[in-house]
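K.L.:
Model the full assembly from the supplied sequences, consistent with the hints where possible.
Residue 288 in UniProt numbering sits at position 288 of the sequence shown, and the numbers go up by one each step.
Simulated from the structure, these hints should not be mistaken for lab results.
DSBU-like mimics (lysine-lysine), calculated; alpha carbons at most 30 Å apart, straight line:
no., residue 1, residue 2
1, Lys269, Lys175
2, Lys109, Lys175
3, Lys109, Lys86
4, Lys89, Lys175
5, Lys269, Lys86
6, Lys269, Lys89
7, Lys175, Lys86
It should be emphasised that the depicted structure is a prediction, and the values quoted were computed from it without experimental measurement.
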Amino acid sequence: MSSEHEPSDTYSDLRSPRSEFTGDEFQPDPAAAFVFTFHAVDEELDPDQRWSTWLEVERGSRGPEPRPSWVVTEQAAIDTELGVLKTGKEADVFLIERAVEAIGDNPAKSSLLAAKRYRTEEHRSFHRSASYVEGRHTRNSRDSRAMAKKTSHGRGVAAGQWAYAEWDALNRLWKVGVPVPYPVQVDGTELLMEFIDDGEGGAAPRLAQVRPSKELLGVYFQQLRDGMRELARAGLAHGDLSPYNVLAQDERIVMIDLPQVVDIVGNPKGMDFLMRDCHNMATWFTNRGLEIDEQELFADLLTTVF
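P.N.:
Put into structure tokens, the structure is as follows:
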């Protein structure tokens, strides 16, 4: 008879390094935890290519969530410049393809982006810029002095401010449903956004370039008025709205060029800018056969502001 202090056979078995519960057939191979699968990536890029800058920008400089499924966020993605979409006094717009090859179980993915790059030296030629920025403030006093003196640093700051002003406007307006391109990211003076195509691989035409039917004209105006209402509800006016700053993508319209978006109340000329937007668009639709009263449109928008 065993003593009460002696371990039982059961306890002895549990302490045994070779118990039936810890047999070799149940032991994981420690080396398996350190096995990695690598896929070679060609790091030689063409002159018109660069590695995606998605992860290089600050978190707040990436597009709002939920992000569209077409946005490419992989670190291995490559940006390829495909050509110029538009040249302007304050910025040039380029067509960019952001693509990543299939890696392992992850499929290939790509999307086309519009890269708007604000100029530094020539940016001062942006018309009526002083009127647009009334009510805006620059936090950094050194930057403010440099901008006032129009030094090279000041011009760079100004260009960056316009890029971030448009970035902020696109984020704010996209979230509330205004028909604007989805803002992908901003990096210094470069703003990447959704490329609005014509369904056949080219860029969507500007509203001024199309001749829609009477029925489609009504569809376009309804979308435009809804977009202007949402802008006004946010206390904003486009500030430079015209048939040249609206794209026609099949039956959808998209407002573009928003760096000068105006605070209707905070800007002393806010109401004037709103009225001019109404005049420009009402005139175009009326000339195309859809009678639009600019004063009625203006009054309608004001009801959403106050």
